[in-house]
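K.L.:
Sequence:
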Amino acid sequence: MRNRWWVTTALAAATLTVAACGSTPNGSTASPGGSANTPSASAPASGGGSARAANAANGVKTASIGGATVLTNARGFTLYWFAPDTPAMSKCTSTCAQYWPPVTGPVTESGIKGSFGTIKRPGGSVQATYNGHPLYTYVADTAPGQAKGNNLDASGGLWHEVTVTGSAPAASSSSSSKSGGYGY
Numbered sequence: 033m034r035n036r037w038w039v040t041t042a043l044a045a046a047t048l049t050v051a052a053c054g055s056t057p058n059g060s061t062a063s064p065g066g067s068a069n070t071p072s073a074s075a076p077a078s079g080g081g082s083a084r085a086a087n088a089a090n091g092v093k094t095a096s097i098g099g100a101t102v103l104t105n106a107r108g109f110t111l112y113w114f115a116p117d118t119p120a121m122s123k124c125t126s127t128c129a130q131y132w133p134p135v136t137g138p139v140t141e142s143g144i145k146g147s148f149g150t151i152k153r154p155g156g157s158v159q160a161t162y163n164g165h166p167l168y169t170y171v172a173d174t175a176p177g178q179a180k181g182n183n184l185d186a187s188g189g190l191w192h193e194v195t196v197t198g199s200a201p202a203a204s205s206s207s208s209s210k211s212g213g214y215g216y
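Residue 165 in our numbering sits at position 133 of the sequence shown, and the numbers go up by one each step.
Treat the hints as calculated values from the structure; they're not laboratory data. Note that the structure is predicted; figures quoted are calculated from it, not measured.
In silico SDA-like cross-links for lysine to any residue, where the CA-CA straight-line distance does not exceed 20 Å:
(1) K93 with T140
(2) K123 with S157
(3) K152 with T127
(4) K93 with G177
(5) K152 with G164
(6) K93 with F148
(7) K93 with S147
Using the sequences and the hints, build the whole thing.
P.N.:
Okay, here's the thing in structure tokens:
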């Protein structure tokens with residue numbers, strides 16, 4: 033009898049361990065490794081924690097992050113714009129959109145100055161915009177109040193936090209040449 037109890041207990045523990053590993057949601061986030069222009073080989077899976085951060089309640093608010101007043105989603109994650117985008121088209125697709133999840137639209141906001149809208153993404157989904165910029169979050173921002181993607185040159189262009197004051201991002205030779213004339 034003693035051996036059966038031990039075998040049964042060990043088998044139950046092994047089953048629970050395997051079940052827990054197999055059912056863990058993909059809440060982990062990967063930040064680009066190596067050069068800023070090349071994402072790491074371990075790209076985050078679709079539908080993971082980054083999508084949760086991007087689209088939480090589709091609300092937009094402001095927060096002070098690093099001394100700037102920026103737009104955030106309802107959970108406090110910084111919103112970004114991508115310099116190569118146009119007011120009518122997102123240039124961030126495929127692997128780019130895994131690292132920079134688009135904010136689905138429309139969004140709700142209250143009292144924020146500026147113009148909110150939407151665009152159709154390649155594939156037909158709707159993405160929120162602010163002052164003509166399609167909005168994104170960044171998977172390396174793992175907690176509210178972070179802005180790890182600000183002024184990052186990745187996925188084919190520069191990324192900037194969305195400021196509500198309309199002030200230009202910190203000047204640098206690469207940001208002015210790739211900004212597309214947007215002053216945010």
